[in-house]
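A.B. asks: First residue of the sequence shown: 1, per the numbering used here; consecutive thereafter.
It is worth saying that the hints were derived from the structure and are not from the lab.
Nothing here was measured: the structure is a model prediction, and the numbers come from that model.
Just to be clear, a hint being listed does not mean it is correct.
Stated by the list, open to error - Pairs of lysine-lysine residues, derived as DSSO-like cross-links and limited to a Cα-Cα distance of at most 27 angstroms, are as follows: (1) K166 <-> K77; (2) K117 <-> K133; (3) K166 <-> K27; (4) K117 <-> K225; (5) K27 <-> K77; (6) K27 <-> K133; (7) K77 <-> K117.
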Amino acid sequence: MLRSGSIAVGSVVAGVLLSVCVGCAPKWNPDINVALRQARRREAGVVVFYKDPLDTRSALMRDALETSDVLQLLSDKVRCVMVPFYPPDQRFVARYGVMQPPALIVIHPDATYHALKDAVDADSVAAFLRQAKPPGARPELDAEITTPAKMQFYNVFERAGEAARKQNRRLIVVYKWWLDGDSSELIRRFTSPSVSSYFNDSVVCLLDWDYAPNRGIVADYGVTKYPAVVALDPDGAYRVLRGLPTVEQLIRLGVWRRPR
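Required output: the full structure, derived from the provided sequences and hints.
C.D. replies: Right, dumping it as structure tokens:
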């Protein structure tokens, strides 16, 4: 089996998203997986704020979300912020009929939803939240969530491994933490067109450090710290990259194959 050197792979838009959230009075989580787990534990709904930090209408909706009436309506819900420059966020909100920011999505405990896409003022946002009661519409769930470039993203290692085996593809494991700046920068580099094209024939699994079982999974490949990337060949050979990689290092990982 092959092991190798140092490159890291990161987390879902952490440092960038933390700056996106600055100014919001409630805590807006940048990781939808964490938000959904919190909601399940609390049997609560999730409010997703889909925003572009450079967009004026997004700023208006952000201001509306900070008003006292709206904050009260948000108090029993788990909050998550998502952004259009992160491809997994784009695909996630598309399930709920949202194609561009700004928008609000309320995901109910019964998995139905309501979405607000055409208003950003405080009165409209408050009225939407009051009326967004279950049951709502059913999302267009996609079991494999593929990008236009055929890159596949999973967040469950077993499902990703099964897909890789069935398709005889490499499995790329990205181990990250959403509060780690290197992790978010690695995700940005990894999903950029200049890099992602080298992973079009791979199955990609994003594993978060804050979910304890994931730590055991990556430990099997000698990984104890985030961020990290593990490239697993169908024949069982693997390569590990630790630390924040350069674009060139990621490309080399994309073309790496075990010598036959």
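A.B. asks: Each hint needs a verdict: does it hold in this structure or not?
C.D. replies: Right, here's what the structure says about each hint:
1. K166 <-> K77: Given pair K166, K77 is violated - Cα atoms ~39 angstroms apart, limit 27 angstroms.
2. K117 <-> K133: holds, 17 angstroms
3. K166 <-> K27: violated, 40 angstroms
4. K117 <-> K225: Cα-Cα ~39 angstroms, so violated.
5. K27 <-> K77: holds, 11 angstroms
6. K27 <-> K133: Holds, because 22 angstroms separates the two Cα atoms, which is no more than 27 angstroms.
7. K77 <-> K117: holds, 19 angstroms
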